[in-house]
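There are 2 protein chains.
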Amino acid sequence: MKIQQNSFEYKESFHLLNGGSIPGFELVYETYGELNPNKNNAVLVCHAFSGSHRAAGVDKETDKPGWWNEFIGPNKAIDTNKYFVVSPNNLGSCYGSTGPATLNPATKKPFGKDFPLLDVYDWVASQNLLRKSLDIQSWEMVLGGSLGGMQALEWSISFPENIKKAGIIAATSLISSQNIALNQVARDIIRKDINFEDGDYLIANKKPRDGLRVARMLGHITYLSESNFKNRFGRKLQDINNKIDSSINFEVENYLRYQGEKFSEYFDANSYILLTKIMDSFNPAGRYNDNLVDALRHCKAKLLILSFDDDWLFPTEYSKELHFAAIMAGINSSFIELSGNNGHDSFLYANEEYVSAISNFLNHA
Amino acid sequence: MKIQQNSFEYKESFHLLNGGSIPGFELVYETYGELNPNKNNAVLVCHAFSGSHRAAGVDKETDKPGWWNEFIGPNKAIDTNKYFVVSPNNLGSCYGSTGPATLNPATKKPFGKDFPLLDVYDWVASQNLLRKSLDIQSWEMVLGGSLGGMQALEWSISFPENIKKAGIIAATSLISSQNIALNQVARDIIRKDINFEDGDYLIANKKPRDGLRVARMLGHITYLSESNFKNRFGRKLQDINNKIDSSINFEVENYLRYQGEKFSEYFDANSYILLTKIMDSFNPAGRYNDNLVDALRHCKAKLLILSFDDDWLFPTEYSKELHFAAIMAGINSSFIELSGNNGHDSFLYANEEYVSAISNFLNHA
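Chains as they are written, first to last, in our numbering: chain A, 1 to 365; chain B, 366 to 730.
Note that these hints are calculated values from the structure, not bench results.
Do not take every clue at face value.
Stated by the list, open to error - Here are the computed lysine to any residue pairs in the SDA-like style, where the Cα-Cα straight-line distance is at most 20 Å: (1) B:K474 x B:F632; (2) B:K367 x B:E426; (3) A:K207 x A:Y95; (4) A:K236 x B:D484; (5) B:K572 x A:R191; (6) B:K642 x A:L237; (7) A:K230 x B:G651; (8) B:K642 x B:D563.
As the list claims (entries may be wrong) - In silico negatives: residues of chain A with every beta carbon more than 12 Å from chain B: (9) L17; (10) G57; (11) L348.
What the hints assert, rightly or not - Derived, one-sided and incomplete: chain B residues facing chain A with beta-carbon distance under 7 Å: (12) S541; (13) V550; (14) I554; (15) V579; (16) L583; (17) E618.
Quick reminder that beta carbons are idealized off the backbone N, C-alpha and C, glycines included.
Input sequences plus hints: build the corresponding full structure.
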């Protein structure tokens, strides 16, 4: 599989949905496979909250596979012998694309907490500029899980001429007040870290690692399901020789803290706050008087709406509501609930049904 | 209704289930109604996580009703014309009974983080000493919601000769690894507060209020249900003039932060950590090779096991498991699921069915 790492630079002022602008931006992205001469085999893959442009292949240095490597590659669900896959890192994230940790050209300091609040629409608009730069008229499909699925939905509503199919996986058109509340707790945890410095930690050469770690632990709980926790950890006590911290009693505590610590080494705290805010305010029907059916009337793509039965962050019921709204809007929509073993994170793991659902839709629908 | 405020002092060394001891203790408690001459009309009410001995009546200074005032009083579910209700504040809590904020007689400083890890068994054993001091042979009923229900269960297993009926409401015999994980996040939030001082904040004359506030916000999310959040807040934006903090966008965020701030004014951080640990390790079957049926064979009380359909902290399934174990153990157990509107917190709010379930069981079962 041909893998290319690229960067797209947009040098004009980029106006944002919520008002305001950024003075140009950079999107880093990877591509897998090759664009055909007719340029009609391109698939856009959108990452979730803490994902990156590294969706496929295996990193030579770290030996770490891309987050959707099980799905993208030769003879996989998105077959790179046939399709050209484009995977950008989103604005506001921290893997190379313009975000809070980027230097603000006006001040020569990192944007930090002054990075403007983006909307999922802005992500999609920036991806649309990337599409134009690649001279692709229309994506064969745009897809992703969780926040990635929300981008696929936004694409189908806001750029209907440039997308043929959308895969909206483990996603929703609107997050619940419970989700908002959990995101707020995560933000408060980070902001109260002694090293947060009111968002200016980079300038102070500090890092709010404890806050990031604990916020990630909370997130992690919501990404998995209770049955997954039960099967993996139950109530096993942590082996005393492998305890990270003497205050730990149960294996589940040790696991979460370890995962949180790893995460806190590389993720940016302002990005974490910004991305939760983007999730909170996602509402593609907002520009249509909050009427999702009216919003979906603009869509011309075929939709595949996919949920997992053990996802408690964005349960099946949300996907069904979206599917019914699509039907009411008279568009071609197909819904499937799969059984998952990893809660909300089930969208990351391949199994035969899941792979078939995606490849059938991409190739035959 | 006759209300009395009392204190029970135990002046001998009190040995704990996990080993170790405390050099005596004080339990503050309230009583409602009057003990009859035969001393066979006593009901013990056990409070939940952040509850206190103030279960009934209305505080004259603050105008605040007791946490179960809707259930305890003349002609209420627990009729104080007939029953004598005893409501202690648990060891390790912070409303007057011996706990982390109490002075350690050996050091003349607050116990703080050195307060030993208690078990629910120790709570019940201390309540049993209170029972003896009141010269009551047997409680007519012991009941409570959440951690209160766990105490009622522990009573029925560990002191079978001194309890006739147990009301185990919105409770479980064992919390899940997901619950443990959420408790761990709460503990980590508190411990990372800049004013926590490794647990010695009282000695340093500080208070980890931010940590307590955010931990409580997380707890609050788990006590309510998603449908409750949806009905109360939906995705309403907060009126800008009433924002506590400019980072707040949604009404639900403002509500949680306000509630968390109030809580952080009066609750003790070491108590919070201790109580979550007590909840994590609760396992009345632990002394019976983790066999709950074997544990329940010791029980002589009649059990009322009550759950709420919208409780996601301790869902109905947990109550059913307990009920089946009781049936397998050959004891008299009755199970009822009620519809709730307040998630896990539904156990606090009276409605006709709930009140009838308790009063029928208490008076006729």
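Going through the hints against the structure:
1. B:K474 x B:F632: 19 Å, holds
2. B:K367 x B:E426: 18 Å, holds
3. A:K207 x A:Y95: 17 Å, holds
4. A:K236 x B:D484: 18 Å, holds
5. B:K572 x A:R191: 18 Å, holds
6. B:K642 x A:L237: Satisfied, since the Cα-Cα distance of roughly 13 Å is no more than 20 Å.
7. A:K230 x B:G651: Answer holds: A:K230 to B:G651 is near 18 Å, not above 20 Å.
8. B:K642 x B:D563: Distance ~17 Å between B:K642 and B:D563 Cα, so the pair holds.
9. L17: 15 Å, holds
10. G57: A:G57 clear of chain B: closest Cβ-Cβ about 32 Å, beyond 12 Å.
11. L348: 19 Å, holds
12. S541: 6 Å, holds
13. V550: 5 Å, holds
14. I554: 6 Å, holds
15. V579: Nearest chain A Cβ about 5 Å off; hint holds.
16. L583: 5 Å, holds
17. E618: Interface hint status for B:E618: holds (4 Å vs cutoff 7 Å).
Violation of the numbered hints given earlier is absent; every hint is satisfied by the structure.
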